[in-house]
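Enquirer: Here are the chains, one letter per residue:
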Amino acid sequence: MIRDITIGQYYPAKSILHRLDPRVKLVSTLLYLISLFLFRSIAGYLVATVFLIGIIRASRVPFGYIVKGLKPVIMLLMITVVFNLFLKKDGEILFTVWKLSVTTVGLRNAVYMAVRLVYLIIGSSLMTFTTTPNELTDGIEALLHPLNKIHVPVHEVAMMMSIALRFIPILLEETDKIMKAQQARGADFESGNIIQRAKAMIPILVPLFVSAFRRAYDLAMAMEARCYRGGEGRTKMKPLRYKGRDRAAYGVMAVYLVAVVFVGRYVPLKVWIF
Amino acid sequence: MSIRLEHLNYIYSPKTAYEKHALRDICLEIPDGEFVGVIGHTGSGKSTLIQHFNGLIKATDGKLFYNEENIYEPGYNMKNLRNEVGLVFQYPEHQLFEVDVMSDVCFGPKNQGLSLEECEARARDALKLVGLKEKYYRSSPFELSGGQKRRAAIAGVLAMRPKVLVLDEPTAGLDPKGRDDILEQVAFLHRQTSMTVILVSHSMEDIARYADRIIVMNHGEVMYNDAPKAVFAHYMELEQAGLAAPQVTYIMHDLKEQGIPVDTGVTTVSEAADEIMKVLEKIR
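Protein chains in written order, with our numbering: chain A, 1 to 274; chain B, 1 to 284.
Derived from the structure by calculation, the hints contain no laboratory data. Yeah, the Cβ is synthetic: ideal placement off N, Cα and C, and Gly gets one too. You may find that some hints are simply not true.
[Stated by the list, open to error] Facing chain A, from chain B, some residues (calculated, C-beta under 8 Å):
hint	residue
1	Leu87
2	Phe97
3	Gly108
4	Asn111
5	Tyr136
6	Ser140
7	Met160
[Said to hold, decoys possible] Only pairs whose alpha carbons sit at most 27 Å apart, straight line, appear in this in silico DSSO-like list of lysine-lysine:
hint	chain 1	residue 1	chain 2	residue 2
8	B	Lys110	A	Lys68
9	B	Lys128	A	Lys180
10	B	Lys63	A	Lys177
11	B	Lys79	A	Lys177
12	A	Lys68	B	Lys128
13	B	Lys278	A	Lys180
14	B	Lys163	A	Lys180
15	A	Lys14	B	Lys20
16	B	Lys15	A	Lys177
17	A	Lys177	B	Lys58
18	A	Lys71	B	Lys15
19	A	Lys199	B	Lys110
20	B	Lys20	A	Lys71
21	A	Lys180	B	Lys282
22	A	Lys177	B	Lys278
23	A	Lys180	B	Lys256
24	B	Lys63	A	Lys199
25	B	Lys163	A	Lys71
26	A	Lys68	A	Lys180
All chains, please: the whole structure from these sequences, using the hints.
Expert: Listed below in C-alpha cells is the structure:
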C-alpha cells in the first residue's frame, strides 16, 4: 500500500529527459510552472497541454504511473475547486444549489485552477521521475552556487536535501515494515473514530522516530569515517557540463514560453464560457 | 489444521519499472505441529512468502487455505488469522514502542481483547519463555541490549499464544550464544506445545538442527521441499543456488572420498561425531 506513493520518486527509464542535465530540468520546470500563470485563455491552455503531453511522451514514464502520483493531492484539488466554484459572485448565474450559486466566472476559475494545479504537479513530478536525487541536488547546488558569495552554505543545504530525498524511500519501507509488524500483533489502523486512529499511530510513529534517529547517527558516523568535512575544497567525480542536447532543451523551452505567452494573449479562441 | 498454498503468485508493483515477480506458482502444505525450515539466498522470496501466511500480503494470484478455509474469500476473519499465526519479523526489536517491556509485550494480547490481568499473565509467561529476567519487565525497551530487545520483541508475539509461529531470521545479528538460546527456546516451545514453527534462516546449520522439513526457495520458486537429509544430498545444486549445505555434509563427503565409509546423510555436528566414531571403531 505504502509502496504506491509515487510522488517525488525516481522512475528509472532510458529517455532523452533522463539524460538531460539536471540544471536544465530544474530551470525548465520552474519556467513551466511560472508559464502556467501567464495566460488566461483556453488557447494558452491548449499550448501548455500539448507541451506537457510531448514531455510525458519523451520521458517514457507510463501515464498511469504519473496519474497515480496525483492521488494524494486530490483532496486539496477538490477543496480548491469547491471554493472557486461557489464563492465567486461576479458573472452570470448558471444555476443555484440551496443558497449557493455557481456563476460563469466561478466555473471558469474552478476549472482553470484545477487544470493548473494538475499541470503543476505533473510538471514537477516529471522532473523528479526523470532525475535521480543525486542529480537533483547536484543541479540545485550548481544553480545556487552564486549565493556562496553572500555566505549561504549552499553545499550543506544541498547535502541535507539529498540526504532527505534519499531517506524518503527508506523511511517509507520502514513504515511499511513497522505497520505490518504491528498488524501481526493485532493492531488495527482502519477502524475507530479519529482519536482512536490517532492513538493507533503511536505504535508506528515511536519505532519510526527511533529508527530515523538511529539511521541518522549511523550515517553521520559513516560520513565522518570517510573524512567528510563539508563542501570546502570538495571536487566532483562527475562535474555537470552542458552538452548539445541541453542547449537544444533550453531552445525548446524558449520556443514554448514565447508560444504560450503569445498564443495565450493574442489568439482569440472562445469555447462557451472559457 | 494446516496451511496450504495453491499456485500462489506474488508480483511487487505490477506494471511499473519496479515490477518484480517475487513468488512463482508456490504449492506447499504445512501440517500441524511441524517444524519447517525455510531457506534461500537474499531476494529469493522467503520473507514475501511468510508474510502471506497471516494475510499481511495478499497474493496476486492463487489460493491460501488456513484450516481448509480460503483466506482470500470475502468476509474472512483476518484478525482471527493473525491471532493464530504469529509472525516475528526480521529485527523485531525495531517494532518496540511502549514505555516499558511489560506494556509492549501486552500490546498483542490487548489487541486480542483480553483483560488486563490476562494480558499481564500471558506477558509474564512469554517473557519467562524467552528468558528475559524479571528485573527488566519495568524498564524501557530502549534501554535493553540488542539480544534482550530481541527477546522482548519475540515475547510480544508469543504472548498472543499463536498456534503457528513464523520467525523471519530471528537470530540475525546475534552472537552465537544468543542465537543458540533463542533457537533452543523455540525448539522447546515446539516440543512443549506442539506449536507449528516456520523458521526462516540463512544458516543451514540452524535449520538442519531443528527442522523436520526444509523448504528451499530460489528465485521465487520452491526448489526443494523435503526432509533435511534429502535436501542436503543435493548439496551441489544448493551451491549453485547461492546456498550451502551444513559444513558437516562437506566433511562427510570428503571423508568418504578419502575412503572412510561414513554415511554422508547426517546433518548435524553431533550426528556426524557419532557416525565417525562408529565407523572408526568398526575399522579398528
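Enquirer: So, for every hint listed, does it hold in this structure?
Expert: Cross-check of the supplied hints:
| no. | hint | verdict |
| --- | --- | --- |
| 1 | Leu87 | holds, 4 Å |
| 2 | Phe97 | holds, 4 Å |
| 3 | Gly108 | holds, 4 Å |
| 4 | Asn111 | holds, 3 Å |
| 5 | Tyr136 | violated, 18 Å |
| 6 | Ser140 | violated, 11 Å |
| 7 | Met160 | holds, 7 Å |
| 8 | Lys110(B) with Lys68(A) | violated, 37 Å |
| 9 | Lys128(B) with Lys180(A) | holds, 26 Å |
| 10 | Lys63(B) with Lys177(A) | holds, 24 Å |
| 11 | Lys79(B) with Lys177(A) | holds, 18 Å |
| 12 | Lys68(A) with Lys128(B) | violated, 48 Å |
| 13 | Lys278(B) with Lys180(A) | violated, 50 Å |
| 14 | Lys163(B) with Lys180(A) | holds, 19 Å |
| 15 | Lys14(A) with Lys20(B) | holds, 19 Å |
| 16 | Lys15(B) with Lys177(A) | holds, 23 Å |
| 17 | Lys177(A) with Lys58(B) | holds, 15 Å |
| 18 | Lys71(A) with Lys15(B) | holds, 18 Å |
| 19 | Lys199(A) with Lys110(B) | holds, 14 Å |
| 20 | Lys20(B) with Lys71(A) | holds, 23 Å |
| 21 | Lys180(A) with Lys282(B) | violated, 56 Å |
| 22 | Lys177(A) with Lys278(B) | violated, 49 Å |
| 23 | Lys180(A) with Lys256(B) | violated, 48 Å |
| 24 | Lys63(B) with Lys199(A) | violated, 34 Å |
| 25 | Lys163(B) with Lys71(A) | violated, 40 Å |
| 26 | Lys68(A) with Lys180(A) | holds, 23 Å |
Checked against the numbered hints above, the structure violates hints 5, 6, 8, 12, 13, 21, 22, 23, 24, 25; every other hint is satisfied.
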